[in-house]
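> Given next are the chains, with one letter for each unit.
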Amino acid sequence: MSLSQHSITALRDLLRSGAITSTDIIDDLLAQTSAREGEVGAFLSLDADRIRAAAAKADLSLPLGGIPIAIKDNINALDEPCTCGSKFLAENYRSPYDAGVIKQLRAAGAILFGRTNMDEFAMGSATENSALQTTNNPAAPGHIPGGSSGGSAAAVAARFVPAALGSDTGGSIRQPASHCGVVGLKPSYGRVSRYGLVAFASSLDQIGPMTRTVEDAALLLQTIAGHDPLDSTSLPVAVDDYLSGLKQGVKGLRIGIPKEYFAEGLDPAVKAATMAAVARLEAQGATAVEISLPHTEYAVATYYIIAPAEASSNLSRFDGVRYGHRAAQPADILSLYQQSREEGFGAEVKRRILLGTYVLSSGYYDAYYNKAQKVRTLIRRDFEQAFQQVDAIVSPVAPSPARKIGECSNPLEDYLADVCTIPVNLAGLPAISVPLPVSGLPIGLQIITPHLQEAQLLRIAHAVELQ
Amino acid sequence: MDVRRIATLARLELSDAEVEHFTGQLDAILGHIEQLSTLDVSGIEPTAYPMPIAAPMRDDTPWQSLPQQALLQNAPDQAQQQVRVPKVVADA
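Chains as they are written, first to last, in numbering that gives the first Met the number 0: chain P, 0 to 466; chain E, 0 to 91.
Honestly, the hints are just simulated from the structure, not real lab data. Some hints here could point you the wrong way.
Subject to a maximum C-alpha distance of 20 Å in a straight line, what follows is the list of computed EDC-like cross-link-like pairs (lysine to aspartate or glutamate) [what the hints assert, rightly or not]:
#, chain 1, residue 1, chain 2, residue 2
1, P, LYS246, P, GLU464
2, P, LYS373, E, ASP76
3, P, LYS86, E, ASP76
4, P, LYS373, E, GLU44
5, P, LYS403, P, ASP390
6, E, LYS86, P, ASP331
7, P, LYS250, P, GLU289
8, P, LYS246, P, GLU289
9, P, LYS373, P, GLU296
10, P, LYS86, P, GLU281
11, P, LYS86, E, GLU33
12, E, LYS86, P, ASP318
13, P, LYS246, P, ASP78
14, P, LYS250, P, ASP12
15, P, LYS373, E, GLU12
16, P, LYS86, E, GLU17
17, P, LYS258, P, ASP390
The following residues of chain P were derived to be distant from chain E, with all beta-carbon distances above 10 Å [claimed, not checked]:
#, residue
18, ARG15
19, LEU29
20, ASP46
21, ALA106
22, ASP239
23, LYS258
24, LEU265
25, ASP266
26, ASN369
27, GLN372
28, SER399
Coverage of chain E stretches by chain P, computed from C-beta distances (three or more under 8 Å per stretch; other residues unrestricted) [unchecked claim]:
#, stretch
29, 42-56
30, 73-80
Cβ atoms here follow ideal geometry from the backbone N, Cα and C, with glycine treated the same way.
Working from the sequences, and respecting the hints, build out all of it.
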């Protein structure tokens, strides 16, 4: 069997027993990639020579020694491209430093394997907003892989890599994981360093693992979690052991089913798969309880004020001066800014910058931004109150399985489909998408736990996965 | 939304076609966002971050920073070990 089929955990055992080398893994992954990448389009760049050189020097005594991991193309790794799926950074940008998570992966012995496609600056949920490439869903050709971490999800689903890193601002790890049939974990806000992640919305962004098994997600989170002095929003809190309690089961746990997440418009196949998973958790000794998160209906509106506001500020750094695209013949400095940004950014990025600039502009700040921050408090409180009754919340990830490529007629339609994932980012909670057993298009189950309770989250996910 | 005015604030040039295209789309999005106005939030504290984030202080001493050449390697135009841009000050 090709080594491309194996989990990280299985590869690690084989490496440590001396049965295989890291180079053997790379050979099989590159063979698998050459066979299917033309049809999938997961990678924006893949430097085989660099990967082989790193594998030849792999230190197998380290926790992820010799294990290849793909990286979303918005996480800086020294001397590698970091396009963010944008023409703005596609021409000649090379990262001058390693992101916090890249430093941790290198220290753990991992091999960086390719840079994955994404919606431009992580703005989108189909990877169709990539200015550079189309990505197909390997589990459902002709369908979107989801997004914005669509390239990472596709690379893992297509067996190009056992695992990848993604980033999640409103569902960008969980939704593509659900659509492609892989595991995707968004850690608690502050659990993983954002240093070197190109910022979209700083109060919402988190980096997390995308894998084929829950155990691998636990292993990868164990490696990347922790405080980083270079990210003042990363928490100086000890990292739990995510692996030792993984198989303890769900007996006695109270599982909340939020009625607002099962509203009109939910695809019957998604509802059926979700409720079947709940029934199986109950069969394993958990208790299901209907709960209410009453401000859910306001979450998308709140998000589409806060995220664009933060984005409009963060993306002001792309001005054509220090890096990235610069217009050819600007008459003066103002034209340099305006033309470089006009030429470098795609439509969705411009839309969100405009929206963010508008809600922060004089006369509108209180009505929009300040109001949204207060509603964010209400959404956060909904979860706090729910977690007084239950240990975890389960729900769909997306209201329907992956749509076909090119089928979205207006941006608002895609925005509204993020209703199950967005509240989690607003509240800063950890959540995971775990693939469910289905006969048609892939469907994931979302599990949400209180802040910093990733160990419990992974334990429930493991119980779902075993079924 | 006056898209042309906002585009100027955001330093986006935008073609006339883009202005027209975005106006309809952004008005639809603002129409959805408008639902927040029905919610009473008096007495509710705003949330900027999901949890309180301390502003840690460090000693005011030089610390790790990237070498000048590492940062200049990505500059679209440079001269004399600095980033070069068109003239910033207008002629008198």
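> Where does the structure disagree with the numbered hints, that is, which hint numbers, in rising order?
Failing hints, ascending: 2, 5, 8, 10, 11, 13, 14, 15, 26 and 27.
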